[in-house]
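Chemist: Under the working numbering, think of the first position of the sequence shown as 1, with each following residue one higher.
Because the hints were derived from the structure by calculation, they are not lab data.
Using N, Cα and C, we set each Cβ at its ideal position, and we do this for glycine too.
Take the hints with a grain of salt, since some may be wrong.
Claimed, not checked - Okay, the calculated beta carbon distance ranges per label pair:
hint, residue 1, residue 2, range
1, Val-171, Arg-224, 18 to 26 Å
2, Val-171, Gly-78, 34 to 42 Å
3, Ile-99, Leu-198, 46 to 54 Å
4, Met-155, Phe-203, 25 to 33 Å
5, His-159, Arg-50, 31 to 39 Å
6, Phe-86, Phe-226, 20 to 28 Å
7, Ser-106, Ala-25, 29 to 37 Å
8, Phe-226, Ile-261, 31 to 39 Å
9, His-164, Phe-86, 31 to 39 Å
10, Trp-262, Leu-97, 46 to 54 Å
11, Tyr-258, Val-179, 21 to 29 Å
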Amino acid sequence: MLRARLLTVALALPPLIWLLSCASALLFSSVLLACTALGLYEYFSLVHARLSFSPFFGFVWGISVAGAVLFLPATAVGAVLAIGLFCCLSLSLRNALPIQGIMSVSDSLLGVLYVGFLTPHLALVRAAVDGIGWVFFVFLVAMLGDTGGYIAGRMWGRHKLIPHISPGKTVEGSVGSVVGNLAGAGAAWGWFFPQRSLLEFFFLGLVAGALAQVGDLCESAIKRAFGAKDSGHILPGHGGILDRLDSLLFPGVFIYYYTKIWG
1 MLRARLLTVA
11 LALPPLIWLL
21 SCASALLFSS
31 VLLACTALGL
41 YEYFSLVHAR
51 LSFSPFFGFV
61 WGISVAGAVL
71 FLPATAVGAV
81 LAIGLFCCLS
91 LSLRNALPIQ
101 GIMSVSDSLL
111 GVLYVGFLTP
121 HLALVRAAVD
131 GIGWVFFVFL
141 VAMLGDTGGY
151 IAGRMWGRHK
161 LIPHISPGKT
171 VEGSVGSVVG
181 NLAGAGAAWG
191 WFFPQRSLLE
201 FFFLGLVAGA
211 LAQVGDLCES
221 AIKRAFGAKD
231 SGHILPGHGG
241 ILDRLDSLLF
251 PGVFIYYYTK
261 IWG
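Generate coordinates for the entire structure from the input sequences, incorporating the hints supplied.
Modeler: Below, the structure is given as structure tokens:
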């Protein structure tokens, strides 16, 4: 398991660094849209048994929202969400048990928002002022936090964090994640933002790191709710694409709106 995990990281890291730093905006957005499509496929594969209509509808709805976030004005995002919700509610009316129909709408809307709406924010971060630095910040904080948590959990993990959601997560691992988050924030500051306050970046690292851990736990809750250990098997040793995106989504959204509001 550990060997497969390390091999996947070793193979994926160079193209990831190139994609974050050198790829055109169109290529980056297109790759992110493809990742969103894989994430939506994984999500609707998990929930399909509970839906009273085809999961393909939710998949198309989610891709449409992601495409609107990436390539269309902000008003189009609201329009796609509203039209999709209308269609989804209309489809639910066919169910003889209204509760099942409404649950299908809720499950579909969660996937559309969680995967289809949040994921493209990473491209919005990269397209902003100093966007390459900020997107590296998000990835460094999340990935070093994940690494720190994994190492600390394996070496010193004794006390369960939230066992009913993720039995493998420990308090010690969570502390290790915070250390990794701060290391990632410090590295991003030193490489991309030395003109800004290091204290600001430590603060941002703590907030983004906390959001990364919450995102990880939320994805674990979704998998547990639908009886799955991993969201997929596309990444050996890591699971599915959602298992890698989970710690990036909330920090990416946070950093996007932080830079939009406070610069």
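Chemist: Verify the CB-CB distance for Val-171 and Arg-224 against the hinted window 18 to 26 Å.
Modeler: Distance hint for Val-171, Arg-224 holds at roughly 19 Å.
Chemist: Return holds or violated for the Cβ distance of Phe-226 and Ile-261 against the range 31 to 39 Å.
Modeler: holds (36 Å)
Chemist: Holds or violated: the 20 to 28 Å window for the beta-carbon distance between Phe-86 and Phe-226?
Modeler: holds (26 Å)
Chemist: Take a look at whether the Cβ-Cβ distance between His-164 and Phe-86 falls inside 31 to 39 Å.
Modeler: Once the Cβ atoms are compared, 36 Å apart, the range 31 to 39 Å for Phe-86 and His-164 holds.
Chemist: Falls inside 21 to 29 Å, the C-beta gap from Tyr-258 to Val-179?
Modeler: holds (22 Å)
Chemist: Regarding Trp-262 and Leu-97, is the given constraint of 46 to 54 Å on their beta-carbon distance met?
Modeler: holds (48 Å)
Chemist: Is it true that the C-beta distance of His-159 to Arg-50 lies inside 31 to 39 Å, as the hint says?
Modeler: Once the Cβ atoms are compared, 34 Å apart, the range 31 to 39 Å for Arg-50 and His-159 holds.
Chemist: Within 34 to 42 Å or not, the Cβ separation of Val-171 and Gly-78?
Modeler: holds (41 Å)
Chemist: Go ahead and decide if the range 46 to 54 Å is satisfied by the Cβ distance of Ile-99 to Leu-198.
Modeler: holds (53 Å)
Chemist: Could you say whether the range 25 to 33 Å given as a hint is met by the Cβ separation of Met-155 and Phe-203?
Modeler: This hint holds: roughly 28 Å between Cβ atoms.
Chemist: Between the beta carbons of Ser-106 and Ala-25, is the distance compatible with 29 to 37 Å?
Modeler: Because 34 Å falls inside the window, the suggested range holds.
Comparing the model with each earlier hint shows no violations; every hint is respected.
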